[in-house]
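J.: Sequence:
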Amino acid sequence: MSEEQTVAAKTEKRHPRALAPGNLVLIVILSVFGAIIGMQILVDLGIAANTSLIGALVAMVLARVPMSLFANYRSVHSQNLIQSGISSATFGAANSLLLPIGIPWALGRPDLVLPMFCGVALAMLVDAVMVYRLFDTKIFPAAGTWPPGVAAAEAIQAGDKGGKRAGLLGIGVVVGGVGSALGIPMSAFGVAFIANIVAMVMFGIGLLIRQYSTELFSGDFFAAIIPKGDIDAAFVPHGFMIGAGLVALVQVCVTLARKNNTVGGTTRSDSDMRRTLGVGSVAYLLIAVFLALVCGLWADMSPGMLVGFVIYAGFAALVHELIVGLAAMHAGWFPAFAVALITLVVGMIIGFPLEGLVVLVAFSAATGPAFADMGYDLRAGFILRGRGADPEFELAGRRQQLISAMIAFAVAITVVLLMWESYFSRDLIPPVDRVFAATIKGGVSPDVAMSLAMWAIPGAIVQLGGGSKRQAGILFATGLLVDVAMAGWAVLAGIAIRFAWQRLRSDRARSEMEVVAGGIIAGDALFSFGSSTFKSFRG
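Numbered according to this note's numbering, the sequence shown terminates at residue 539, and the numbering increases by one at each position without gaps.
These aren't lab readings, by the way, just hints derived from the structure by calculation. Quick caveat: nothing in here was measured; it's all calculated off a predicted structure. Beta carbons are placed, not taken as given, at the ideal position from N, Cα and C, and that holds for glycine. Do not rely on the hints blindly, as some may be mistaken.
Said to hold, decoys possible - Computed spacing ranges between beta-carbons, pair by pair:
#, residue 1, residue 2, range
1, Asp-300, Thr-414, 42 to 48 Å
2, Ala-496, Leu-114, 29 to 35 Å
3, Leu-114, Leu-504, 58 to 64 Å
4, Ile-497, Val-254, 31 to 37 Å
5, Gly-443, Val-484, 28 to 34 Å
6, Gly-467, Ile-497, 24 to 30 Å
Claimed, not checked - Derived SDA-like pairs (lysine to any residue); straight-line CA-CA distance at most 20 Å:
#, residue 1, residue 2
7, Lys-228, Leu-246
8, Lys-228, Met-454
9, Lys-469, Leu-216
10, Lys-161, Arg-387
11, Lys-161, Val-61
12, Lys-161, Glu-512
13, Lys-535, Ile-184
14, Lys-441, Val-346
15, Lys-228, Leu-208
16, Lys-535, Ala-143
17, Lys-228, Thr-214
18, Lys-469, Ala-143
19, Lys-161, Arg-74
20, Lys-469, Thr-255
21, Lys-441, Ile-349
22, Lys-441, Met-301
23, Lys-535, Pro-446
24, Lys-441, Glu-355
25, Lys-469, Val-250
26, Lys-469, Ala-233
27, Lys-138, Arg-387
28, Lys-441, Gly-108
29, Lys-138, Thr-214
30, Lys-535, Leu-208
31, Lys-138, Leu-464
32, Lys-138, Gly-46
33, Lys-469, Ala-257
34, Lys-164, Glu-512
35, Lys-138, Ala-257
36, Lys-138, Leu-249
37, Lys-228, Ser-451
38, Lys-469, Leu-182
39, Lys-535, Val-484
40, Lys-441, Ala-233
Whenever a hint applies, use it, and build me the whole structure from the sequences.
T.: Structure representation (structure tokens):
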């Protein structure tokens, strides 16, 4: 028995179990609900639904029913397990399963849907285990921002304790909901209160450049490198992310190469981190081999190209996961679709055939969303369990969250397997799948490789200058890739208010801002979820 299993076995009785009948039943019921809602909103509106707080709220309501049957839900740790379950099912069904298998359908290859489904389901499970093992390491510290996780934890704590904390959270929820109703991206505003300042400034600048790119770059001076000021057509954001991502990968490798065995947080050592990344890399390579076999790629590629494809697909899946995870940890936004598109474009430049490109982009798109979402849930649990004050209890609780997520993923796999054909046969596929399909059909010109290489250089420089803790290049590139009106102004306004708050409230500022920020993010998420659900089912 490993040290982690021994620790968990000693302390598991102190933490509510995901497999306890009451928790298990509610996790399964809410996971079915979350999976269906997530798929419906994705195919109708093209966005991911954040149902984490819905699960917590349901548990809070049931906890107040004066019956012994619901007494277990009064525990904030049970509420954390339940919100982890519905959140995992929602992101798993929509982003990790339905979206990837829609790509071959959009390209007229329905024969590849079920083989891809098997591969992306495996990738989703590996994704979740990876973040479970990497959470609280130097790469993904438990003390990182993980903004939606803070929002979930603050909501659960406020519901449990009430008092001033509940009042501050309530103010934040109202501000977040009203701002979201007015069309302001309030999650970006709230994140600026609690995230690393340098990372947020770079994220905000990237968002502003994206919003005003046409006005900034449409002049004669930029005509040769950014025609008509269209940074997407010139592959500027994609090149920046390639450069920043490669440097981030080198920074991770430098961390891995250090021969010490210090503890990254309260529970994970450097050797744990190295072992996890090594095993994860092998797992992704094996999934790439599996997909190449079941999708028949061996019939369309030479042995050398097939080996190259497997290596590139496994490498791209791991890098995609790390980039999405870093962006999610620092900003609460993860450009999963855009990074998958980068993987696709590079694959097209290499010269892989159509079937290989379909497998490549679907596999890449499946890694990352589950990683980011579970990172949020683990951060919420970390806060609720006392921020690592009791390492044994923390490990036991984290293990129960993994079990809750795996139950939810099993539900998501079942729901998608039963429902995908009814969606696709009615031409209901995620909108981004049509973008991937159009990109594959349209091909790429020789100039694209030059553009990517040219813009990768400044991306690498920014990432290198910011260092591994700030991830400035990743966040700047994320801002360039995220097309959300006013998000840049929301981030910079949040930073300005943060400075003023710190001057006025001094030592109390950080704890107050964390609660209010959690409320703002929660209010934005709740309004967005309600609005998206209403629009989806009304249509």
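J.: Please work out if Lys-535 and Leu-208 have their alpha carbons no farther apart than 20 Å.
T.: violated (28 Å)
J.: Is the hinted pair Lys-535 and Val-484 satisfied, with a Cα-Cα distance of at most 20 Å?
T.: holds (19 Å)
J.: Cβ-Cβ distance between Gly-443 and Val-484: within 28 to 34 Å?
T.: holds (29 Å)
J.: Holds or violated: Lys-228 and Ser-451, Cα atoms, limit 20 Å.
T.: holds (15 Å)
J.: Between Lys-138 and Gly-46, is the straight-line Cα distance small enough, at 20 Å or below?
T.: violated (34 Å)
J.: Has the given pair, Lys-469 with Ala-233, been kept, meaning a C-alpha gap of at most 20 Å?
T.: Since the Cα atoms of Lys-469 and Ala-233 sit roughly 31 Å apart, the hinted pair is violated (cutoff 20 Å).
J.: Between the alpha carbons of Lys-228 and Thr-214, is the straight-line distance 20 Å or under?
T.: holds (7 Å)
J.: Check the following: the C-beta atoms of Leu-114 and Leu-504 are separated by a distance inside 58 to 64 Å.
T.: Cβ of Leu-114 to Cβ of Leu-504: about 59 Å, so the range 58 to 64 Å holds.
J.: Would the hint linking Lys-164 and Glu-512 be met if the CA-CA limit is 20 Å?
T.: Measuring from Cα to Cα gives roughly 10 Å; hence the hint holds.
J.: Is 29 to 35 Å respected by the C-beta to C-beta distance linking Ala-496 and Leu-114?
T.: Once the Cβ atoms are compared, 52 Å apart, the range 29 to 35 Å for Leu-114 and Ala-496 is violated.
J.: Are the Cα positions of Lys-161 and Arg-387 separated by 20 Å at most?
T.: holds (17 Å)
J.: Please verify whether Lys-469 and Ala-143 have alpha carbons no more than 20 Å apart.
T.: holds (12 Å)
Hint compliance for this structure: hints 1, 2, 7, 9, 16, 23, 26, 29, 30, 32 and 38 are broken, all remaining hints hold.
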